[in-house]
Structures are given as C-alpha cells and as structure tokens.
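Engineer: Heads up: the protein sequence lines correspond to chains A and B, in order.
In this text, residue positions in the first sequence follow the numbering used here: the first is 4, and each later residue adds one.
In this text, residue positions in the second sequence follow the numbering used here: the first is 4, and each later residue adds one.
Keep in mind that a hint or two might mislead.
Unchecked claim - Incomplete in silico selection of chain A near chain B, CB under 7 Å:
(1) Val25
(2) Ala26
(3) Cys33
(4) Leu36
(5) Ala45
(6) Val46
(7) Ser47
(8) Gly91
(9) Gly122
(10) Asp124
(11) Gly128
(12) Asn129
(13) Ala145
(14) Leu147
As the list claims (entries may be wrong) - Quick look at which bits of chain A chain B covers, simulated, 3 or more residues with Cβ under 8 Å:
(15) 37-44
(16) 80-87
Note that these hints are calculated values from the structure, not bench results.
Backbone N, C-alpha and C define an ideal beta-carbon position, used for all residues, glycine too.
There are 2 protein chains.
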Amino acid sequence: MSLGEFELIETYFRQESGGMGVAMGIGDDCALLEIPVGQQLAVSMDTLVGDVHFPKNADPELIAERALRVNLSDLAAMGAEPLWFTLGLTLLKADAQWVKAFSQGLFRVAREYGVALVGGDTTRGNLSMTIQVHGAVSPGAALLRGSASPGDQIYVTGALGDGAAALAVIKQELGVGKSAFNYFMDRYYRPQPQVEAGQRLVGLANSAIDISDGLIADLGHICEQSVVGASIHLEQIPLSEPVAKLVSFEQGLEWALSGGDDYQLCFTVSPENVDELEGLVESGKLEAYPIGEITRDQGVACWYKGERVVPSGQGFQHFNPDEQSSGA
Amino acid sequence: MSLGEFELIETYFRQESGGMGVAMGIGDDCALLEIPVGQQLAVSMDTLVGDVHFPKNADPELIAERALRVNLSDLAAMGAEPLWFTLGLTLLKADAQWVKAFSQGLFRVAREYGVALVGGDTTRGNLSMTIQVHGAVSPGAALLRGSASPGDQIYVTGALGDGAAALAVIKQELGVGKSAFNYFMDRYYRPQPQVEAGQRLVGLANSAIDISDGLIADLGHICEQSVVGASIHLEQIPLSEPVAKLVSFEQGLEWALSGGDDYQLCFTVSPENVDELEGLVESGKLEAYPIGEITRDQGVACWYKGERVVPSGQGFQHFNPDEQSSGA
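If we strip away everything but chain A, and leave its shape as in the complex, we get (with noise of 0.2 Å):
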C-alpha cells in the first residue's frame, strides 16, 4: 500500500495501543511484553476470511467485533485472563470510512475484555483477518482438553443454537420479526467468549472447550484427547427462547448440536467438584447447566428421556447398535 494508505490505518489503529505490560506497542519492529511474573503466555489464532466467516459488506463495526470475541473465546476456553492482542488486515482498498468503523468496533470490545492492540500488519488483498489473543494463565492451572475423566459431570455456560439460528436468519432460511432479528445478529456478531466463567473454572473444572463446531464436535474432542465418551441428556440442554419460540425443539437440538458458532464453554467437572460447582451457579457468579456425563466407552453418545437416540435433521432416530453412535 502507499504510505497515505498506510497512514490513515495507523492513525486508527494506533490511537489505543499500549496498555498493562506493554513496554512497547506499535510503532518499531517488534511490539514488547511482559508477562505477569510466573505466568504462562497462552496464544491462540484466528483468521477469518470474507465471504467465508462473515458476510464481506456486513457492517465493519460488526466485521471487528465477532473477529476479536471469537479470538477471545479461545482464552476463555482455557481459563486465561486477556492481555493483548495482534491484528493482521487484509483489504482491497484503504477506505477511510471502513477502517474508521472497523477499528471503533475493535477497540469497543478491547476495552470491555481488557485486551491492548500490540501489533500487526496491514495489506491489500481480499477481504480478511488474522487476529492473535495472547493471555496469562498459572502454570499447571490451564483448562485443557485431554483430561476429562469417567464420571465427570458434562455442563455448557449458556443456551445453544443461536449461532447457526443466526446463520440461518442471515441467509434468509429463517424468517424472524425485528426483535427476533436484533437479537440474532446480536448473537452472531457479538457472541459473549466466556472469559470471566472459564477464569472461575480454573481449578475446578476437569476440562473445558469453547462451542465452535457445534456441541457434538467439540465435545468430542475433548472425548478424543481425554480417550473417554460422553453421554448428553438431549432434554437437558438449554436452547435460547427466541429459538424454542420459533422452531420446533428437534431443529433447535439440531442447531446446538451440530450448528457452531455459540462460543459457550462445554466443560467436565468431576464428582467432587459437583457441590462447589453448583454453589457457585446457586449464588449467581457463574452460569452451567448440566448436560450429560463423561463414561468410559468412546464416542458422544445421545439419549432423550431415558432412550438412546441419534439425533438428524429429521429429528431422533432410534438407536441401532450395529451403527456409529456418534452424530458428529
């Protein structure tokens, strides 16, 4: 790009950089941190591609706003406090209006997380972005993957389904009333990473993953790395209202189960940890519905009211034991 392009960028980007640990920002040829003495770094990345995980001439305040909270899910996922972030941009032309919007967008949700743009680059091309989350989380303290164990309770932070409802409304599959329309796009351009649940979770859940693929896929990852099976209680897992209203409850379950896009946590806690869980749910300070059991048989199995089922998009399907039982 020319150097006015390029200024006009900075110029936006620039106006937040720095913040706690940040010894230098934008601006040479490296950012410089420091972690939080005898903390790990924990990073994740993240690009999304125009077109492709979201729709090119959507709003761009809205375009940075899921960027950076679906970056920021990953770090809830594993309990990390949010320190910075990074910002690869790739655009066709340096329109000043856009990336004024783009970066007011950012710059809300990096206040609300408390996360400082240290970094990145900027280019032409086709529409996307690559955004870095970088946290801080005690040694030994991370909420992993692979270490669910048999008999730990399965539990989701928040209803499920809204985000490929969303999906649906966007490409017009669905059609909703105004409010119901705010309250999807809001659900899909501003999904809540559940930063502050998974940081309560440390030290008390087993594992934990954030809700990207659709509750069956992630669950079962978390099933694959741990070398254990689930079983989900299909009539127990919370939908939001505005879907319960609008769609039958098997396409609902659809949607949490295979759709994507939630970022709830889904995490394991074992029997011990079951009270102080609960209490904790009890007092407000965090939110978790129980949703099934981690067992030692491989695979995310479904039942709905005492039967084993497979759910499909045509709702449930008696279980055949000479089939796969896993509807991911």
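Using the hints provided, position chain B relative to the given structure of chain A.
Structural biologist: Below, chain B without anything else, positioned relative to chain A:
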C-alpha cells in the same frame, strides 16, 4: 474446510510442534508458552498475500521459507532470540502435495533458526499467510528505532539491492544467466534474517531496523522516531557482486536505496562504541559496513564523493536546497 482436509493439514504441521518453553503446542484452544525468566516477549506479525508479496504459482517450499524468514527479520531487528511462531494459512484448496512441500520449507527454516510452530489456523480463501514470531529479549536491551543520537555512525550488515534486483528478474525486467538467476531466486525466497547479528548488537548499537522497504525509507523510520537526520555516503553502500556486474552503479544504488526486500539490518552506533564494533567486524564475528552518520537535521541526506546529491532513476542529480532533501 471438511474434517478430512483439516486432518491432512494437521498431519504435516503437527509433526514438529513443540519445543523449548512449549507447555502445550498445537491441539488445544491455546498454546501455552513459558518465557525465559526475567525476559520480555518480542512479537511481530506479517501477512503475505499471493500475487502481492510472492507469485501465487511459486514453489510452496520457497513461499514458506520466505514467509518465515521475513518474519524472523523483525526479531533480528530487535536483537531478540527467536523462540516460537504461529501460522494462519489461507488456501483455496487443501492440496496434499502443496501443503507437504510448504511444511517442508517451513520446518527447514524453523530448524535453522530454532523456532517451534506452536499454533495457528487454516482457512479456505485466496492464498495468503499470516505469521507471528515470538522471541525473548532482556528488559531494556531491545534494539529500538527511536534511540539514535546525532554523531552515531550508521552501518548495514550486508549488500543491499539484491531484493529489488531479484524482483526485476522475477518480473522478467532483467535478463540474467543461470547462475545469476539461481543467486537472485535464493536471495528473494531465502533472505537471511540477521538474527545472530541483531543479538550481537544488543548493548552496542543505539538503534536498528531491518531493511524491508529500502534503505532510505527504513533509515527514515529511525530518523523520524529518533527525531534526528542522517547523512549517507552513496559510494560506501555495499552492492553484491552480481548486482555490480549486471547493472550500472546508479541502477544498483537505486535498488539499494528504494527497492526493499533485502532484510539486512541498518543500525547506528555511538562514537564510543565504534572501536568495539570494528573489533567484532575484524574478528569475523559480525559483518557491517559504515555508510554514514546520524545528524541533527531532519531527513536522510545523500552524498556522493563529498557532493550533496538526490538519487533518482536517472542517476544522481545535484541537490537543490529549495527542494525537499529526502528521496523517500
């Protein structure tokens, strides 16, 4: 992407995940990293877009080499020790052979510089890649752009102009024989980030930058951020033998001054440290060529054999004090 494609990619990238200070590499929501005790973390992110920063149809091994080498150059410019990197790779399709070759080039460079791949993301879209490098540097030791002082001697770590000459060869603007062709392809795709030189300069140089945009632009960044100026002596600027043989001195200089893609370091040393620096050069521990001095005047002034000149594509023009002095 489908699960199969992801697995294919993970096969190649996971093979060499992990390394020093890596508590958790690829495979969870975040990587968990341990910075050496008492060190600052230096991070830099660069995006390379197909057909903008490299030809899309280039050998994937070389694309990977170039991408990681260019990023490591930013750690070199801070005097930081390379530790880890993350990769956000966007591909139109997950072609097994392409990804395998790409990963081979990537890990060859990673091994050479002792950096471990610790995470990233793979998405579908037009070919581009974002790499973030992570290094360690002692607090207060990093080489910055903003701390040059009037009287500092200015050096570069090696021949300039090869990057621009190589681009001319790639664009078929410059016809060369086979041996020169191989030389320039190597210089373009396998630039040598001056990591060792950068670390040697810690405590010795006042300021440093890597030359990615051409000497005048990059030295200009040192001048702006240090609020100083520079005088450079064009006859002292080192050109490679192939460049000196193939084109006029004026053309070679133009590439050196404005071409970029050289990834040598430009650094400044205060008069009291010059002897120590020259000692390192004489003992073969460092390559460095003196090219000028930091001044109190703003801007980068060029001199040729004692006469003030303004370099241009047509050779040197006599300096006209009514015009601006910088060629950037």
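Engineer: Indicate, hint by hint, whether the structure satisfies it.
Structural biologist: For each hint, the structure was consulted:
Given hint, Val25/A at the interface with chain B, is violated; its Cβ is 10 Å from that chain's nearest Cβ, farther than 7 Å. About 6 Å separates the beta-carbon of Ala26/A from the nearest beta-carbon of chain B, less than 7 Å, and the hint is met. Using the Cβ-Cβ criterion of 7 Å, the hint placing Cys33/A at the interface with chain B is satisfied: the shortest such distance is roughly 4 Å. Interface restraint check for Leu36/A: the shortest CB-CB distance to chain B comes to about 4 Å, inside 7 Å, so the restraint holds.
The interface hint given for Ala45/A is met, as the beta carbon of that residue sits about 4 Å from the closest beta carbon of chain B, less than 7 Å. At a threshold of 7 Å, the smallest CB-CB gap from Val46/A to chain B is about 5 Å, leaving the interface hint in force. About 4 Å separates the beta-carbon of Ser47/A from the nearest beta-carbon of chain B, less than 7 Å, and the hint is met. The interface hint given for Gly91/A is met, as the beta carbon of that residue sits about 4 Å from the closest beta carbon of chain B, less than 7 Å.
Below 7 Å, beta-carbon pairs count as interface contacts, and Gly122/A has one with chain B at about 6 Å; its hint therefore holds. At its closest, the beta carbon of Asp124/A sits 5 Å from a beta carbon of chain B; the interface hint therefore holds under the 7 Å criterion. For Gly128/A, the shortest C-beta to C-beta distance to chain B is roughly 4 Å, which falls under 7 Å, so the interface hint holds. With a least beta-carbon distance of about 5 Å to chain B, the hint placing Asn129/A at the interface is held under the 7 Å criterion.
Hint status for Ala145/A: holds, given a least beta-carbon distance of 6 Å to chain B, under 7 Å. Checking Leu147/A against chain B: minimum C-beta separation of about 6 Å stays under 7 Å; hint holds. Under a criterion of three residues with beta carbons nearer than 8 Å to beta carbons of chain B, the stated coverage of the segment 37-44 of chain A is upheld, 4 such residues being counted. Check result for the segment 80-87 of chain A against chain B: holds, 3 residues qualifying (beta carbon to beta carbon below 8 Å, three or more required).
Hint 1 alone, counting from the list given before, is not met by this structure.
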